[in-house]
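**Student:** These are the residues of each chain, in order.
2 protein chains.
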Amino acid sequence: MAEDYRDMWTKLGLNLEAHDALLQILGQAYADIYVSQKERPEGMAYFDFVMSEVHGLRIKELLEEKASGRKIIGSYCVFVPEEIALAANATLVGLCSGADFALEEVERLLPRNTCALIKSSFGFKLGKVCPFLEAADMIVGENTCDGKKKAYETLGHLVNNLYVMDLPQMKSQLGRNLLKAEFIRFKEAAEQLTGTPVTAESLRQAIDTVNAKRAALHRLSSLRHADPSPISGLDALLINQVSFYDNPARFTESVNTMCDELQQRISDQHGAFPAQAPRILISGCPQAVPNWKLPALVEKSGAVIVGEESCVGERGTRNLVDNSNTTVDEMIEALVDRYFQVDCAIFTPNRERIDHILEMQKAYKADGVIHYGLQFCQPYLMESIPVEKALEEQGIPCLRLETDYSMEDAGQLETRIQAFIEQLQ
Amino acid sequence: MAEDYRDMWTKLGLNLEAHDALLQILGQAYADIYVSQKERPEGMAYFDFVMSEVHGLRIKELLEEKASGRKIIGSYCVFVPEEIALAANATLVGLCSGADFALEEVERLLPRNTCALIKSSFGFKLGKVCPFLEAADMIVGENTCDGKKKAYETLGHLVNNLYVMDLPQMKSQLGRNLLKAEFIRFKEAAEQLTGTPVTAESLRQAIDTVNAKRAALHRLSSLRHADPSPISGLDALLINQVSFYDNPARFTESVNTMCDELQQRISDQHGAFPAQAPRILISGCPQAVPNWKLPALVEKSGAVIVGEESCVGERGTRNLVDNSNTTVDEMIEALVDRYFQVDCAIFTPNRERIDHILEMQKAYKADGVIHYGLQFCQPYLMESIPVEKALEEQGIPCLRLETDYSMEDAGQLETRIQAFIEQLQ
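Residue numbers (the working numbering), protein chains in the order written: chain A, 96 to 520; chain B, 96 to 520.
Some clues are possibly wrong.
[To be verified] If you only want the chain A side, here are some residues facing chain B, beta carbon under 7 angstroms, derived:
hint: 1; residue: D143
hint: 2; residue: C240
hint: 3; residue: K244
hint: 4; residue: L253
hint: 5; residue: L257
hint: 6; residue: L273
hint: 7; residue: E296
The set of hints was computed from the structure by calculation and includes no laboratory data.
Note that the structure is a prediction, hence the values are computed from the model and not measured.
A virtual CB, placed ideally from N, CA and C, is assigned to each residue, including glycine.
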């Protein structure tokens, strides 16, 4: 990191010793997994820099925003509408949840049979190692899965200002009404937090900002249709992960610059991997920073990941918000239309997700699909069985994996992944 | 069984060989666990008879009802309003889900990390051993936990006429609106199934029938406040279990007859266990027939179970429906009021449940509480930690158990239960 941020971290209440240890491990993992890659686009330098400063410069920026009167809202889910936060003069950031931390303390508050993502969010709080969480003025939970829904009841005792957004379980008219009512309630909560009313002007501008970010990520995804893919799955995943932390406008510009470079690479037939590398689509649970276990194993085995059907990937970025409206209420309707299309496994029925996986497999010319399930994540593990069935009916090989954030099963996973990739060649 | 029902079972499509094996195991378990008990009330003879004929005479009765034009609706949850089924000229029955069956086949359709209750419901279908399921004209699923919600998507391919009821996750005004809309939709579905419109007259009568059943069960519960308790926890659980299968009016009469006997026992200080036996309250997941593992281990260890904070127990029977209304719409409102009070762990927040557990501990003079969690049941396992905390704050010993339907852990459970009971003496 360029500067010494120890004073800043101390003021935020971080446990410096534990945080140093975390940064040490993350820095090493990043060097081993990311920096060691061959044929990386030059544009990745920006994202490498963001990652190296993710707990440093980016936090300093957020604290400067706070000093200027802006508020920081932290969230754990792509259902929390960034557009509304931005329009109310708040910055939305994703909260740390991609690594095990303080597991023993966590398991005094949550059952052992809880998914790693939820345990991680508790671990970063209990271990005092997440500067985003400590800098946040409001933290938004949401009633997605049982695990998160019930865990927020306990998280509410650990953090200040936890706000919980209710969500429907079915995409019915009543379900849509609930989502709309919850978006309006969130708007009011954000307005109250910041003291800034959402106006048609500010909301339209926020919609444009977030649309531009999603469009850039969608442009990046589309470039991965090319064979050979101009970028590794690890790098593309990183860009998706950074989208949850970075300043949206600067991020969008950097992604578009990167895409210009990737277009040139495609013209030059310059791939991140050799042209004959098997192409893999990853589908399933979100992979939050620094959860790079699966893509590292896949790409180390010689396959290239060409797409992520995931919240940290196309499920989170797929659709844009109609920006042709003039009133706040119309824009909220447009937001509801967009977010109601997110095909999370919490919904029943959820046939759209299977259709999207089949479409993505075709569009990305994937030779096989790896379904990534976090252990104890019931919605995605349940849905992985019909997903596999639908793929097999189309003759598309599918490997269902179930894992957590530990490295204990890395050897076993690698063996299964290698066997799967061999079958594709 | 008094008669030979093999023709009936064959016509229902049961697998006779597998079903014989099941009845054999159940009969033996019933003899070992139930019939061997000392100091049983004479009134248990009725429930022993019902259990001995639960796949025989009771099915014959249901088929006779069907022949006379009535319909059978099967359900897996206490949120399905029996009043509406009865008012539409249908009989509501609980579906088998208290034992492992065809586990290998089940785990091809559901993840291994699925709770035993859900796996069991699939196992009884795949193994063709549940005559209630095969006799049902409509099967009602419901969006309670993630596991059931997603499993119904697959169950829909295995059974005819699966109907899924949506449920809210929060007890908000919108949540209440959803429950009401779903009760109206269920009424319409039941009317369509039976061809019989629900009238104010039929609904009021149905409310009276179900109120009488719940009042009888509540009377039974109240008698267990006495010290010594006049009935074992095993027998009281059985009566609650039978309430899901039996004819409601006959059942109510039998429970009330039993209660008369128990009142006499209380006057005579005649307990099912010695007066000094430690008193245990069970709290947590439902225990469906023939899931008698926990109460058998507890009462074998010399403690007496005095109450069940469970769907098969007070959570399912606690409140009555206001029967002072005159129109169907008012009665539906009254039903919603009643069912909206069920404090299932699927709701967030769910403080009422903790308060109920504390109230029950006092009312039943329980020396300790055993929290019964089915492995992989996230809502109840998550909630068990704050439940334990609330009890400990009041100085009430609590033992949190997590188990499934296998007997593999019986020895280990018994050791923990005995140690817990010793600590209460």
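**Student:** All the hints need checking, so say for each whether the structure fits it.
**Tutor:** Evaluated hints:
For D143 (chain A), the interface hint is violated, since its Cβ never comes within 7 angstroms of a Cβ in chain B; the closest pair sits about 37 angstroms apart. Residue-level restraint check for C240 (chain A) holds (minimum Cβ-Cβ distance to chain B is 5 angstroms; threshold 7 angstroms). Annotation: interface hint on K244 (chain A) holds; nearest CB of chain B at approximately 5 angstroms, less than 7 angstroms. Here the hint on L253 (chain A) is broken, as its CB sits about 13 angstroms from the closest CB of chain B, past 7 angstroms.
The interface hint given for L257 (chain A) is violated, since its Cβ lies 11 angstroms from the closest Cβ of chain B, which is over the 7 angstroms cut-off. Interface hint at L273 (chain A): satisfied, since its Cβ lies 5 angstroms from the closest Cβ of chain B, which is below the 7 angstroms cut-off. Annotation: E296 (chain A) was flagged as interfacial toward chain B, and the flag is violated, the nearest CB pair being 30 angstroms apart, outside 7 angstroms.
The structure shown violates the earlier hints numbered 1, 4, 5, 7.
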